[in-house]
Structure formats: structure tokens, C-alpha cells
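Starting from the known structure of chain F, fit chain H onto it as the hints suggest.
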Amino acid sequence: MMTELVLTFVAGLLGSSHCVGMCGGLTMILSLTPRGRWHIFGRQVAFSGGRIFTYCVLGGLAGVLGQRLAAAGATESAVRIAGGLCLLAGLFLVVEGLTAAGFSWRRRSSGAAACGGCLTGPLFTTFLRAEGLHNAFLAGLLTGFLPCGLVYAFLALAAARTNPLEGMALMTAFGLGTVPLMVATGMGSTLLTPLGRQRVLKAAAVCVVLTGAITVVRGASFLCGSVDPSGPSCPFCNRTQTSLTAPQ
Amino acid sequence: MSAATATTAACTYCGLPLPRPLFGRKMVEATGPQYCCSGCRFAHAVTQERGDAGTASWTLTCLGLALFFSMSVMVFTIALWSFDVYEPASEGNLALPAAFADLLRWLCLLFTAPVVLLLGRPLAVDAWEDLRRGVWSADLLLLTGVLAACGYSTWSVWSGGGPVYFETACVILVFVTFGRWLGASGRLKATAALDALQQLLPAEVCRVGADGPRLVRLETVQIGDILSVQAGERIPVDGQIVSGAAAIDEQVFTGESVPVGRSVGERVFAGTLSLDGTIHVRATARPREGAFGALLEAVRIARESKGRYHTAADRMSRFFFPVITAVAAATVVGHGLVHGWGAGWLAGLSVVLIACPCALALATPLAVWSALGRAAGQGVLFRSGEALERLAEIRAVAFDKTGTLTTGSPRIAGLVLSSEVDAAEVEQRALLLARESNHVFSRAICAFWSVEPGAWVAGSPVVRTVPGCGLEAIDETGDATQLGGWDWLRRKGIEADVSLDQAHADACRDGHSVAALAWGGAIRALFVIAETLRPEAVDALQQLRARGCSLVVLTGDHALRAARLADTLQVTVIPALSPQAKAQELAHWRARHGAIAMVGDGINDSPALVAADVGIALGCGTDVTRDSAAVCLLGDDLTRIAWALELAQETVRTIRGNLAWAFGYNFVGVAIAAAGWLHPAVAAVLMAVSSGVVIARSRRLGCADEGRPGSTAAAREHLPRAVVSTVPAAAAAGLAASEAAP
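Residue numbers (the working numbering), protein chains in the order written: chain F, 1 to 248; chain H, 1 to 742.
One chain only, chain H, in its complex shape:
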């Protein structure tokens, strides 16, 4: 068994990594489900057993019954206590109260037995499994303590004298079980926030085969299957529309709430929502693969990676168990010698109970998972928990310009024609070339005449791309047409008249780009291309500035254009940087301002994204596999950066608070318990409370601003519709009928 598999072994229920063997023993090869704690074992049993609505699972009933028996024991004990208090005062016949007290003690014994059997057994199984894995768990100590308390009390009842601790044993068992379960549920909720994405996919899909449409399980869908997607349903797999058309809500990927129209031949992605119209989709990827699968995988990897705080907490919790065992043993011996072994045993039990490794183990992952889940719901994908932690420390943010601060789709701001040229001919020749290219300038030219790019026109000549310069087409007659950079054309010795020369100089001075169109040895037209700033860019920068971040824009553009941008945005703009120079510039800024984040589109600025402390890529959408960025914005909303920064800072604050709480609580609690001032029953209750505090603090991260567009809440709103539409009408009618029946 390799070390890799050993480290990735995770709890079947909550997904938390399993505790590692203490003394370097090899892990036992796992055959069945594995659990990280008894709480997960318990909670998993509950969810597994939950069958029909009419039957409560046996595990839950166990807890309920144990609670009932424990409360009964409590009542008997209360009665016993009142005897203790009033016995000296009561005059007359003392024989009757004594007999009654004896009866009560027997009843306590009788009612404690089922509690130990019902709740002690899962603990015992867990402790035994851990032991087999070579892990000495706190459960083992706990169980030993509880069983010892019960054994001692039973002996007391049998021999007719001495104190009984049945109520203590019961309360410990109930609260330990309850606390562990609460912890397991909390962890599951945190991971469920991540899995909310996965739940977007329907469990059953309608496959259109030779024998007509039929509902099948999503897992059985193969590449090439034709699936029918009704209005209001999520598209289950990546595919291509073969018939029909619909408005598709692609919010999951783009963060854009405005639906886009998709029709025959166009690609659709799993997880997106068909708002109107029925479409038939040919699957091009298997379920849970493709773009959505990549998204899920990225989220899963992020969840499994450990941040610095998590690693630190793990390292410390490795010392936790031996230290607590030692303290508990010392307490038992110390108090045992001074106050008697019964008191010593109780004090030792209190130490074991109050030293709650749960709070420590939950402190970091729960907060990180909640935050990751919420971020994913908001279209922000963190590659790892560590990325989240690093983002929280950012003091400066650097931006790429093209495609980041600007939309990346420039527009034609002006068309200048040379004196003796026909506008129609310019249009015809320009489109001939521009259509063949995917360059942003070509697309802008197509958009200028409202023509779809890529539409091939019969009889058009072969277009050659000259990398970094432009396009060139030569038809049969040898007539050449070029579309490209001004300098490239001038280098080729192509003439330009004075008016165009002047226009070019003007455009450059204004910070615009130009594309020139030439044929017959002369430049005939000049496209003045302006970049459009993203509408939210100014706001986004302002938000970051308000959070105390130093801002800088790193661009490859020339100085004139940079100065213009600096004016508009009121930020420092460093111009004329090659990708490598950007990385060096980042190092300078880091030295001056502290940790720096780089925001780019992740395509041509990868070196800078890697060189920064945190790389943030925009518009990952369906391509989350871009590896260079630690943080991916699925959409291209720049204001998400400030949002993510705030979330990261809040998360780190929560983690620190959780850790401080867990350590403080354990330290103070163990000290009090070791002093013998804490009753084990109270310690058991406090333990559950401690876990609860950590869970509540962390879960708060996962449940805020749900009303915002693009949030998971908004996404889930669509869900019932999808579910309802898959329920056959007959079944729905049957349901209504059964409800109407008395």
C-alpha cells in the first residue's frame, strides 16, 4: 500500500481524511466503509437505513430509546439525591426510605443497561476498528471510563453500599453520541454545500431510443445517446443540440443571469438550465465528465487539499491523544491517591471527555469547506483551501489589461478611407479576410458590418495568417489583399496616402489600435479599434482600494495607451511589459507592498499568474482546467474579486477564532477537569456544546447573502421545477388522491 493511498483514505460519510496510525503501523486494507469517528459511523447508519417514510431507522430509534432510559435514570437519581438531602431531617421509620433508595438504585441499574448496550456498542465498534488500523482513539479511553463507572456502580448496587454513577454513564453516552452526530452532520452540511453543484444534475434522464422516449438513470447514459430535455430541466450531460431550440441559463458557468439562445448544432453544457422549449441533445461526454465534470473535480480536489492552518492543526492533534492520555492517567492516580479511586476515576473521565479533539479537528476544514462551497455557488472557484488562506493575506492586486479590465472584444471606433476608394469594395475585401480569422480585431471588423465570423463564402480565395502581423489573401489573378498591423504593411513597402498617415498618428495618440486594409500596393482603409472597459471595472477597483489593496495594471501596450487608462481608472499603469517582465514587475511590487494577487484572463498571462502569490483567472467558465490560476472566476465579473477577498479574510478570521476557541477550551477545560472540579456528565454536555460552537461559527460562512443572483440559493430555485416536470402526471395524480383519502 502506497503512502499516497494512505493519505487519501477518507471517511465514507463526511469525506474527512481518516486519522493516521500513531506509531507508524500500516493501515489495514479497507474492504468496507471507513469512518473517521463514531459520529460519522452513526450518522451514516442513520442515512443508510432511512428507507420508507413510514419507518424510523433503527439507529435513530436507538438514540431516542437511550435518551428515554437515560432520563428515567436521571429521575431515579434525582429521587436518590433528595433522599440524601432529607434523610437526616426525616424522623421516624428510616427502614422504608432505605428500602426505597435500594429499589431506586436497582432501577437505575436496570435502565442503564439498555443505554450502554444501545449507545456503547457503536463506540466499541469504532474503537475496535481504530485499534485494528493501529490508531489509539479517544473513544477507547471514553469507553473504558464509562464501562468502569458502570461496573463500579453495579458492584455498589450488588453489595448494597457505595456510590453509583449510572446517571453519569448515561449522560456521557447520550451526549457523546449526540455531539459526534452533530459534528458529523455539520461536516456533511459543509461538504453538501460543495456537492450542491453535483445535485444540479437530474438523477433520471429521458433517453430517446428506437423504442421512443424512456426514463433511465443518469449513470447509464453513453456518448452518442439522444436525450430529451424539457423546459425547466437541467441538461444532464455535455452535448450538441440535434433538434429544437431553447433559451439556456448558463449561470453555473458564466455567472451571467441573462439566458442565451441555443439551437440545432450548438453545444450545450451539463448543469445548465433549459428555460423554455424542448430540445434533443446528443451526448458528447459521459455523465459527470466534460465541462461540468471538470468543475466538480476541481471542487473535489480543492476540498481534499489541506491548507496551512489545517496542516498545523493536524500536526498538533497528533500530539493531542498521547498528551491527554498522560494527563488523564496522572489525574486518575493523583486524585485516586488523595480522594479515593472513585473520585480519581471520575476526574480522569472528565479529562478525557472535556479534551474534545472534535473541535480541533473541525475547526479548519469546516470553515474552509463552507467558504469553498459558498464561493463555488457564487462562481468563484478556489483550487485549494490554501489558495483561500493566501488570498486573505493579499495587500496588492495587479491586473492584466486586455481581456481583464477591458472586455477583450474591442469595437471599431472609426473607419477612415483613402481618397479614391469605394466603401463597398472595402467592406467586401475586409470581410473576406476577417471572416477567416479568430483574432479579436477580425471579429470586431465582422461585428462592424454585423456579419457572423467563420461563415465561408463560396469561391473565396485561400487566406494565409501571418503570425503576429495580419492576414493575406491572394486570388487566382495574383491580386493580393492584406489586413493587418500598420507597421507590418509599411515594412512590406506598401504606400499610404497623407490622410491615412495622419489618421494613424491621431489614433495612436488617442491610445487606440489600428488595423489597415491594403490591396494593389496601397493602404486603402484604416480601422480605428477602441478597447471597451468592462462596465464594472471602475467599481471593482474602487472596492479593492477600499479594502486597502494597492492596485497596479501591468500591460504589454505602449505608453500612450497606458497613460490614457491610468487617467480613466486612477491607477498606476506600467506599460510595455513582456510576459516575463510582468513577472519581474510583480516581484518588485511584492517587495514594496506585500503579498500580491494577479488578475488575468489566464491565456497569455500564465507566467504572471504563477509568479503572483495568488493568480486569479477570469472567465474560466467551461474551462476550469486552466492550471495556472489558484482562483478561477467562472464568469468575468470583476467585482467578484473583492467579494472573494472578503470571503477569504472572513474565513481566515473564522479559522483563527475556531482554533483559538478549540485550544482555549481544551486547555482551560482539561485544567479544570484535572483539578477535579468538573463532573463527567457536565463535561460530556460541554463537549457537545464545544463542537456545536465550532460548527455554528463555520456554517455561518456558508449561509449568507443567498438572495444575490448567481448564488446557490438562486440556482436551487430552479430545481423544484426540474423535479416536478420529471414526475409523471399519473404519479402526481395518485399522490393527490392518497392525500385526499382520510
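Next up, chain F with everything else stripped away, as it sits in the complex:
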């Protein structure tokens, strides 16, 4: 369990360049305060704290969902469900990564999503701009709910744990992984040129696609091979897992 969490943390770290691309703007708004550098740092940490809290709760819910799904079937189908969720998560990541990298075959839905965005807009901006650590925390809390392929993917992984507490731990580890780069972006938002930001985004997209591909392979191996469901569940450790199971 411990090693998985570390690896999820690493996955979050690598994937977080995607977060910077999507939500970096939010953290930059947070930094628009005339008070000192430490204040900005505090706000960034509070913001990330809020995000992680949301991820943690969502992870718990996903775990409960996975648990219920698994409880509904036998152990055999539990493995299948976990495998299916992995496959789903991986596909999510690949699509998300490709879209971010610019290989988009679906049009970004603008209608309903944009409308929802503009209706809840005041909520975000108010908290983002307002002074005080608690407001930054609340902004983070809400940001955690923003639709994001990366989060969905890891939620699917959390569901695959089929245990709420492990799901919470997994999502917390993922959230912690995203902290360094997000805080750094918020702190040094002025250092990155638009071009630099674009490059970071590209690199991030490639990372996300890779993570997704690995997760898909792992899900497929879950579905096809007979793998111990309590085995490692991080996308990065099952390379060995798949290489072990592949010859069978």
C-alpha cells in the first residue's frame, strides 16, 4: 500500500503539468495580492489544501462505489470491475492528454459546459480574489470539483481499490503530488513566458498520455490475465506486473 501511494504521488507530480495548463490561471489569480511572498505561499498552500480535501472526499466516495460494485459480484467479478475501471481510467487519460496536446478529434463542448461555468463563475472568482486564507481554501475546495480528466482517471483508480479508506489515501497522495508544481506556478507565474507555459503544457500532455497508456495496459491485463486484485495498483508499478503476467 505504501509504495503504491508513493507511486501515485509521483504520478500526480508528473501529471500536474496538466493541472498547470488547466488550472494554472486560477493559482495565478490567487497570487494577485500586494502582501508579501510568504502570504502568497500561504494562500497557495491553503488553495492546494482545499483541493486535496475535495480529492480525498471524492476518493472515499469512489472507494465506496467500488466497494458496493465489488460486493454486488463475486471476487472474480471484482477483479473484472477493477480491470474495467482501470481501462476506463486509462482511456480517460489518453483522451485528456491528446486533447491537451492538441490532437483533438472531438470539439470542446461549449454550450452546456460553458453555461454551467458562467453561472458558477462568481463563486470561484469571489473566493479566488478575496483576501484571507480561508477564502483560498474554499476556492481550492471548489476547484477540486472542476471537471478534469486526470481527476476522473485517478478516481476510477480509487474506485478500483474497492475500499473507501484506500480510495481516500490514493486520492490524497495524488493531490499531494500535484502540489509542488501548482504552488510553484502560483509563486512564479510571472517567470514563465506564454511560450514556456505552452511547452510545459505539451510536455505534460505527453506525460498524461503515457500514464494513460500504461493504465490501459494494466486494465487489459487485469481483464485478460488472472491477477491478484490486491496487487500493486499504481500505473507505474504494473509494468513489472504486466511483464510477469504477460508470458502466461
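Derived by calculation from the structure, the hints in this document are not laboratory data. Mixed in with the good hints there might be a few duds.
[Unchecked claim] Okay, the calculated beta carbon distance ranges per label pair:
id, chain 1, residue 1, chain 2, residue 2, range
1, H, Ala312, F, Leu146, 32 to 40 Å
2, H, Arg653, F, Phe41, 49 to 57 Å
3, H, Arg286, F, Phe41, 50 to 58 Å
4, H, Gln222, F, Trp38, 53 to 61 Å
5, F, Leu146, H, Phe100, 47 to 55 Å
6, F, Leu146, H, Ala330, 36 to 44 Å
7, H, Pro322, F, Val6, 27 to 35 Å
8, H, Ala210, F, Phe41, 53 to 61 Å
Owing to the predicted nature of the structure, the values given are computational and were not obtained by experimental measurement. Virtual Cβ for every residue (Gly too), placed ideally from N, Cα, C.
Frame of chain F, contents of chain H only:
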């Protein structure tokens, strides 16, 4: 209190009419703001409190904090659930998990309390206000359910046994608040689309007084004030230019994107945009009155009028509450007797939650408002939502000819002189008369010699207008000059030579009009006047035909000219109709083809516009008070008709879809909830989703083709310029300085 005031009582925030008392009780006289639902109360509080950028409003913070506490409760509950699952499996010391579970339950109670206090209070206030107005609201049921769940759970924690429903209560409160707020925001967005027009006016204007120019609030402007309007600013009130000149973008009224030059003495209208040059304007109307005020008023009235779908939905929602109360009560009792009162209570709560009157209440007005707002932005003004609904059912379109299909400003196609006459004398005498008249033919004659009409020339004789015939001037020497219809002059016994007679016959055969000029007992010259078809007329008719509309042109003109028009446009033209005959002809067409719209210029065809199912008037522009038409095109672009028709059909489709969704959702949802298969927390989430679906569907109507000229988007593009130019340079510099500071 009269019935009229009772029906017009509207929500302070979204403008939706307030719910009516159920059992015929009188409305309490309103003193403060009134809200139609807790969402509006909440959203209004948020917008009211929003002061400086540095402070988040307390209401929003409440929602945020409640969200945090709810999520914490969720975490504790998840932990509790995992105990439930693993307790049988865990071996060894059972005392520790039990103590831990107890701790978690206490924590749940502790964290639920602030949620109930923060979010329950607005609901309670709303339910109480409704109760005072004699309205039994769904909020009351909801609140009762939530408080009962909390009370029961608290008792469970206190007594150390039994289930707890804290997470359910929290999720319900958060999602109900969020869903209501979403609904209120959606409604505000829909009305804001209408109010976008109003926002065109600047909040502050530069008044030039004795002590020099000074920025004042728009509301304080009086008639007669001199206002300075810079390039890029909107003209704040109707007025007259007293100095300066500028190119004015009058798109708001005319739909015409080409600016017109206006200089000293000319009228300018509020809401139009000065593109270049500074002008000083003397106000001739108070702010929000005059032409722009009339436009705003028309839009406001349209918004408040209810269409047929809206009325139907309202009528049904009146039965909604009693029915839902009954179903919920039956569910509580039924499940309570079979599965125990806890389960019964939860099932009843699910029924109340899933039966979302929001979706039903939003289904029609939101779609109509979005459409009305978009139409207004595109220069199409619907008098009411009902006009929109009726337009959607149109199967045939009838057109007036003069001023509708043709430009209304005919041109001189030829001038035929009698043999022994001097061209210079014809010009001099014709202009003498034509200048004095506003008739389209007179204006065409003036335009022929490029002379401004109405310019009075010293020493000119008195010109008499003979209604329906022409003009006549007699100078001191008794020398009479007439300009008018051929038949009128011939009836007066005035001679015409053979060449002119021939020319007149030719012109009539070609479908042209003629005006004859006579003096000294003989007709001396003949103006052949041709009508010009609007350039977009053929396109516009083709578009309508493509939408399956039968087309007909109703005209008072004689048959020859009608036949010519029928050839050009490939439509049926029914000639020689009096205004009353036009109305009868419309009835025939309605019987044969279905609902019919009449398109006219709204001046001489009012009876026909009223007789049609939908009257569409062209070129209302600054005169939207013309009452005979249900639809006004601010400009005179005929292609807008097909556009409006499409919008209307799309709107009605959306309304039907919304209503189908709202009813289907409620019916299925209530059935599932009554069966006890739906957890209240899930029901709360679904309720927010349902409102969201209706809002998103309706808002889609309001946000399309924004790139088109004349749209609100295009109009708003000008806005920042206007705003920027009113910010004093010093303030702008200060802003830059503060941004540069670390």
C-alpha cells in the same frame, strides 16, 4: 390591493412573478424585497453584499463553509460505513472500533450543526415569508424533512444506537442551495440578456454646466441639460446636437451597420454610438425615456407577458404542491408501516426533493426570455412571449408591397417633356412644389435634382396640398402650377399633348407610376416613377419558401404592376386591395394554408397587421410604440423574418423539450422515490442536475451566432471603449502604478 398589483408582483432578483397564494388568501403588502424562491434570496444577498473586491460576501462564505463541513461529515460517514462493512471481519478487540465509531458519530453531529445553521436559515426565512403570504412552499416540506432527519440522528447519537442521517441532511442542504442558486443565476442571465440593451447606456455622463464639464449620474440629467459625448461613447439621452458633428452608429435602432453623419441641429437618440468627434447634445427627453426608453419598456412588457405554454405550466404547477404533499405523506405512512418510520421518513424526503418545481417553473420563461433577449439584440422585437409562440406556428406569410418589399423611396426612372417646354422651367416649377411636400414622390423628384426637401426658398408662393391628388401653387399673378396624378389633372380639364399621352400609357403598361407637372392649362412634363425592390427581398422570400411557408403579396396597386412584381419575385400577387379587403384576403389564405403572418410597414396596413395571426412591422426603429404589430423589426432587413421564424420554432421546440423533461423527470423521479428506491442525498443531487439541464437547454437559445453584425455581442464590443474613455487619466495611471507595485 387590486388583482392587477397582485399579478404583477415580481421577484426582486429574477423578475419572475411571485407564486400566488394557494387558498385565495390576500397577499401581504410588500414592504421590502420579495423573492420567488430561496435561490433568488440567496443570489440577491450575494450580489448585494459584494462590496470591495477584497472581501468575499458573507453569504458566499456561508456556502463555502457549509460545503467544507458537509464534506467533512461525508468523510466521517465514509469511515463509519467502512466500519459497518469490516466489523464482522475484524477479529480481536471490538471495543476500540466501537468507541471510534461513536467518536465519528459525535464528530458528524458537531460538523452538521453549522451546515444546518448556515444553509437551513435562508430556507427557513423563505418558508416563513411564503407562509406569511399564504403560500405553502416546497421549502417548508424540505426543511421539515431535513430537521427531522437531523433531530432523529441527534437522538441516535445521544442514545448511543440507531442509524444517523447527518450526511443526508448536509448533502440535501448544500445541493438544494446550490441548485436554487444555479436556477436563480440562470434566470438572471436570461433577463440580463434583455437588460443588455439597458446596459448600453453609460452610468455617468459629462454634463456641461456654467461651471464647466462635470461627471454626473445619468439619473440626474434633466431636459435641457447640455451633455458632452466623446468619440466612442454611447449617447445617454435623446437630444439635439448643439455643437460638433460625428458619425453615429444607429445600429441599435436601424440594424444598419453603416454609420450616419449627424451635425448641429439634428436629432440623436439615446443608445446610439458616437464613433468619432465630440458632440454636445441638448437633452430632449429624460434618461430612460424617449425612443430608447420606449424600446426598453416594450422589451420589459414582453418579458412580463405570459405565453400559452407559460400559462399552462403555471396552471399545472398550482396542482403540483398539493399532489406532491399527498404523495410524500402517503410514502411516509406506507413505508413507515412496512419498513419502519426511519425508512418511511427518508422515502418521503426523497419524494419532496425529487419533485422539483424549479424545472417546471423554469421550463418556459427561461427559454422565452433567452429568445426574446437574443431577438432584441438582433433588432427583432417581440411584443410578448405569445407572439413568439404564435410565430412558430406560421404556415403562410403575406407581404404588403409598398415600403415592405420595395424600399418605399421610389426613384425617377424618366422625365418626359412636352414639345415646346424649357427643361430649366420644369425643374424650377417642379422643385417649387415638391420641396413643400413629404410625399414619397415629391422626395423622389427632389432627389432627382439632388435637392434637399423642405428647404424653403424666399418669395415662393403658398403651396396647397390636395389630399390623395397632388399639389397646387398659385402665385400673385394667378398663375397656377400643379404637380400630381395624371387622372386628377385630366379631371380638372387640363390638356395633354399626344407624346405625353403615349408616354403615360407606356409607363402604366410597364407598371410604373407617374406624376405630371402642369401649368398654363396644359400638362408640360411627366415623371415616370419606378419603385425599387429591396435588394434582399428575393433572398428573404426564398428563405421563407425554403421553410415551407406559402407566400402572397397583398397590394393596393393595379393589376398590371402586380403582374410585373409577380414575375420578378415568383409569388402570388393579389392586386387592387383596399386595407379592409387585405384583411379579408388574409382570412381566405388562413383558411387555405393555416396560420398566416402579415409583413408591412405598420403605417397604412394596420388593419391587415391586426387581422393576421402575427403582424410583423418593418423599420420600427425609433418608433416601437406602433401597436398594431406583434413583432417589430427595428431595421428593415427582410431576411430577419426568416431568422425570427427559425428562432421562434427553435424556442417552441426548446419549451416543449423542457416541459417534457420537467414532467417526465418529475413523474419518473417521484415514482421511484415513492417506491423507496432513491436515497434523499441522491435525490438532492438529481434535483440540481434537473434544473441545470433546463437552464442549459434554454440558455443555448440565447447564445448563438454572436459573430453576426448587429448582434448584442457586436454591440458590446463598443462598450469597453466607452467605459475606458470615461475613466479619468489620473485614475488609470494610479491603477497602473498599483499594479506595478509588488
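For this session: Hint by hint, work out which the structure violates, then give me just those numbers in ascending order.
Result: 5, 7
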